[in-house]
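A.B. asks: Residues per chain, in single letters:
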Amino acid sequence: MSAHAHNDDHGHGELQMGHHHVSSSAMFFNVLVALLILTVVTVGASRIDFGPANMLIAMLIASVKASLVILFFMHVKWDTAINKIVFLSSFLFLSLLFVFTLADQATRRIDHPMHVTKAKVSKEWAYPKPASSEKH
Amino acid sequence: MNLPTSFPPRIEETPVLAQLIQDPAKAVNAIARAKPPELDEYGQLPKLASTFDHVDGLFYFTYAVCIFFFVLILGVLLFSVVKYRRKTFDQPAASNSTHNTPLEVVWTVIPLIIVMIMFAWGFKGCLDMTTVPQAASQNTYKATAAQWNWTFTYPNHPEKSRGEVWLEVNKPVQFLLESEDVLHAFYIPSMRVKRDVIPGRFQTVWFTPTQLGDYHLFCAEYCGDSHSLMYAQVHVVTAEEFAKAPWYTFDDSTPAKAAASGESIYKGQCSACHSVNGVAGAAPSWAGDKGLFKKDGDKVVGRERQVVENGATKTVVADEAYIRESIRMPLAKLVADYATKANMNAFGPDKLSDRELNAVIEYMKTLAK
Amino acid sequence: MTTHAPVLDAHKSHSEKPKHYLNCSSGFWSWASTLDHKRIGLMYLIGTGLAFLAGGLFALLVRLHLWQPDGMLFSNDQYNQIFTLHGAFMVFLFVIPAIPGSLGNIVLPLMLGAKDVALPRLNLLSFYLWLSGAVLAALAIVMGGFDTGWTFYAPYSLYTNKAVVTIGLAIFMLGFSSIFTGLNFIVTTHKLRAPGLTWFRMPLFVWALYATSLLQVLATPVLGITILLVAFERLYNIGIFDPRLGGDPVLFEHFFWFYSHPAVYIMVLPAFGIISELVTVHSRKPLFGYKLIAFSSLAIAIISFLVWGHHMFTSGQSTYAMFAFSFLTFFVAIPTAIKEFSWVATIWKGSIALNSPMLYTLAFLIIFAIGGLTGVILGSLNVDLHLHDTYFVVAHFHYVMMGSIALAFFAGLHHWWPKMFGVMYNETLAKIACLVIFVGFNATFIPQFIMGSQGMPRRYATYVPEFQPYHSASTIGAMILGSGVALMVFYLVASLLTGKKAMQNQWGGVTLDWMSPTPPPLENFAHTPKVTTEVYDYSTLDLKSTQTPIG
Amino acid sequence: MSHDGHHSVVIPAPGPEFVPHTVAHHFDTPVQEFQAAKLGFWLFLATEILLFGGLFAAYFYYHDLYPETFKVGGQQLDWKLGAINTSVLLLSSWTMAMGVRSAQTSQKQKTMMFCALTVVGAAIFMVIKFFEYKAKTEHGLFVFPHMFDGYQVDTTTMTGSLPWFTDVHNVMVDSTGAPLPHGHLFFAIYVTMTAIHGLHVIIGAGLILWVMKGVAKGRFHAGYYLPVDLVGLYWHLVDLIWIFLFPLLYLVP
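Residue numbers (the numbering used here), protein chains in the order written: chain A, 1262 to 1397; chain B, 104 to 472; chain C, 255 to 805; chain D, 8 to 260.
Chain A with its partners taken away, still in its complex shape (with noise of 0.2 angstroms):
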């Protein structure tokens, strides 16, 4: 695909729709081949077991990959500050939902221990049986 490099103008196009940025063919590939080895890295990393910080390695993998998506595919690099700020905000606001609904499941174990048991309380609530048997 990068034969098409050849009718590349970089910079700014025409003013017409306000100040936008048009980026190079190059640079989009570049983060294109970024984002498939991460997604190689991503695989890899999930054979590796490290403990606890499983989940933190695969979100922050993760994470660098949307940043790049953000940042250059979806041109956010050179957007204006009150776009960023909103789609920043948009993830600043997930994040207390998860924290505050994540911080109170954790903490209600420590809490009461009985919650560990964190399953049946009376006999007539059987687990959704894996009915092998009952074939459909």
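No lab work stands behind these hints: they were computed from the structure.
Cut-off 27 angstroms, straight-line C-alpha distance, at most; resulting in silico cross-link-like pairs (DSSO-like, lysine-lysine): (1) K784(C) - K273(C); (2) K370(B) - K263(B); (3) K190(B) - K798(C); (4) K115(D) - K1338(A); (5) K370(B) - K472(B); (6) K227(B) - K150(B); (7) K190(B) - K755(C); (8) K444(B) - K417(B); (9) K347(B) - K370(B); (10) K436(B) - K393(B); (11) K263(B) - K138(B); (12) K370(B) - K138(B); (13) K685(C) - K190(B); (14) K754(C) - K273(C); (15) K393(B) - K444(B); (16) K454(B) - K444(B); (17) K393(B) - K417(B); (18) K472(B) - K436(B); (19) K754(C) - K190(B); (20) K263(B) - K468(B); (21) K220(D) - K117(D); (22) K370(B) - K245(B); (23) K798(C) - K186(B); (24) K397(B) - K472(B); (25) K545(C) - K1345(A); (26) K397(B) - K417(B); (27) K117(D) - K1338(A); (28) K138(B) - K150(B); (29) K186(B) - K685(C); (30) K186(B) - K603(C); (31) K417(B) - K472(B); (32) K190(B) - K603(C).
Put chains B, C and D on the given structure of chain A with help from the hints.
C.D. replies: Chains B, C and D alone, transformed into the frame defined by chain A:
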């Protein structure tokens, strides 16, 4: 599309505004027997019957602060409206001040200090209410909530009680709360305790009853049709009286006593859905033309009724065997009028012993006409 | 000020009547396909007004039923459906969309000196989403009703055999209607302000709507996905909220209140904006502490995302979460108190016109003081464990949602009515109605405070007999309140038919909304206005315009 | 909407194969129109993030409660297919970015080509997804034909079963062979998340096709490429969500 409505919902299907009759179950509900608890000296809260006096303290403190600020706001407002009323259409304002920094700082900082006091006070109280002391955990009751009744299991007694619970005065108690179906809430206003009962896990609540008497226990989390009828009474009694296990009144030594015991089981467990006056409610009535038993001379025999079994309608006689099956396995034969509203939980031997079941049948027979 | 009116059709220009947005075109289609923000606002006004009347009717039925302990009118099941309908209609069809949808739509572009909102087609879509949601909600009643309470708490909402999926879809649509309105207002405020209209020259109603819009955009999607998950749960038993399948009902409560607590401020912030606006105009005095009020709107918007757990103090959250949520909850009290104090300080030494919008405003200030202060009582953890889910809570949120928000809505309606229609309603009747509503409202809900603190749980179709005096008093109050509202509807509708002409600038406002002709022409301003003065500078007021009838 | 005093601004076409663009009547300048629409769209994307956020929160919540179930559940998905789909989406995101770039530089043919390639990517993604769902049905981990059958309760034994979760190969078990708690929950979350994501893929592809119609008519060029830009943003968002879904579902940490 098959909506998951076959289990546990027991909601009668009533078209909106179609049935302007009263719920027959109400007449026999324990609520009618309830004696109102006393109010405290200010008439705002029920008289405190537990050790959680910090609730009342903070409540009245906040109340006083609120009244102070309310009177302040109201006073300034009324004074301004009277004094600065516009008399001619071109009257300008008496002042054009747009801000006053010291004043704004004052009315930011003072409320902040006050609410932080309230927070600390409230949190300290809350810690007290959620930290179960040793003495209470050694006196653990179990309260089982189901649509729409309460069953209580005692720490040192094999018998359960339904719709009523007895506590020993001045002895800390912990309730282990479990729900069989949906959310409920365990609420005793006089004790200042409330806790949601969540299916799938245990919740706990503790308190020390300090006043002898009878108190309301409400379900405070909406749980469906008869939410408002999900009532129990808390009896706080002396240690001597408690030792007699007053909830254990079951006696089937004679048919009459068995019927009386059956009636009390009925009131605790069955009355929210089944009436005994022949009016159909959330579930079939036990009496009347479509009831269970009828008098044939001086004999009591079962009536015939239409039931649906495995999708087929048939006629059965409502005899002891049928009733026993209907209690143990309620969804086996459905009364024809209620076939689409399959709505009763099974009462296994753990909930209703054979002797208790027989007593209930004995009571049903006394309803025959 | 000019009275330029756009001439749309040359052959009609001989007509003597000035052309404005109401009479510039006619016919059903000219309304159904309109992109004009004022017409869309009017359609919202009619729609949300009808929803309010329906919700009010359900409320009166609820109150009538509770006249006696055994209930008067309905079976328990029917009662549960009626109170659910009351809650769902009032919250989703009236309180959330009413002020932004109607007054916000009409006034916001005028106040900004814009020709329209930034995305007019999205605005119309938003109205149609509201309408579809309303129709679907009405359909749900016919399709079996719904009896879950407006909160849809799992697992009851998963098990009940009512039309929960239908009403869920309706709420999903209403949610997106609300999102699109908010999105539109944010863009309009950012991009369509008139030259010279800096952020700190914007009227406070715009600030309030802006803060509201942030909440609408950031919180409502979570309600959308929650309702969707409830529908999936009912359709194919995913088990996320169903304890039988390993789900946790408390997770539902977290999701629900993540939206529904900010939603309280989605409802109340626009009301604050209206009151800020009215207090200054009718006191003819610059607003006291303008910047503090503007920032307190934003502060409330942000803090409101951090306090949702105070709806769940009894529902088995961890004590740590309760600690955090209670602590943060008290911080909402501060910006709210600042607002109330600033309004009172604005009235102090003003030139107070006791006309009907101001009477509604004063009623708001008193009722909101009670609503806000009782909120502080509920914020304390241990006291809340006693009062949670009782009538105390019911009375508290009615003081905020009905007493404050609806009264602010009425106040705003009376304030901008002459602007919107060019006619004035009967002031005497308006003052009487305001008094009746104020008295009726307090008579309805003060008894509820008392019985709530005594332990009367909410959502009860029947109750223990000791509460009957309070319930009966509350029912009588509700009837008074209902008749006040009926009177208000009567004279407002009558004014459209027989009302006398309004003044150019009926109340002597100095914000841009009063600078456009009354009623405004299709594109509001003949020329985009330039703002050169500070906000609420009453020395610039042209007093003659308050005495000159239009036309 | 024409009337006195107001003249709509027109952006001229850069060449004969393009058409000029008329700025909407209520905007004073093209910059205002562009920025307003773009801000609006970013706000919309923010709501999409929060909408998916609820699902992610549910995922983390139950991952925390039933870690074993999620681990074993994740092993039932084919990570190779997931990785291929990830690459397909990343490639299509790249073609979309290039498509927007071509529109910005008034290259009509290239815009068409890149948009078309993006739609092809969407199609490949959905086909692979279809085969994955089919495998889930065959293994009884999510039996699509039975998904609406409800929760079946045997009233005599009082045990429940889910017709859509039969686990025919008995894979949702721990190392000792005992069934894992709530094995269905992982697949419920998997299907819910990927189905809602898939719906976005389909909507995105539809939007790109709609944009291609405009491209063919020459409506988008250096002076006015707003719709291409916005649809591009939407498509990148779809990619963005998948970037998180892939490790969470296929390689459960």
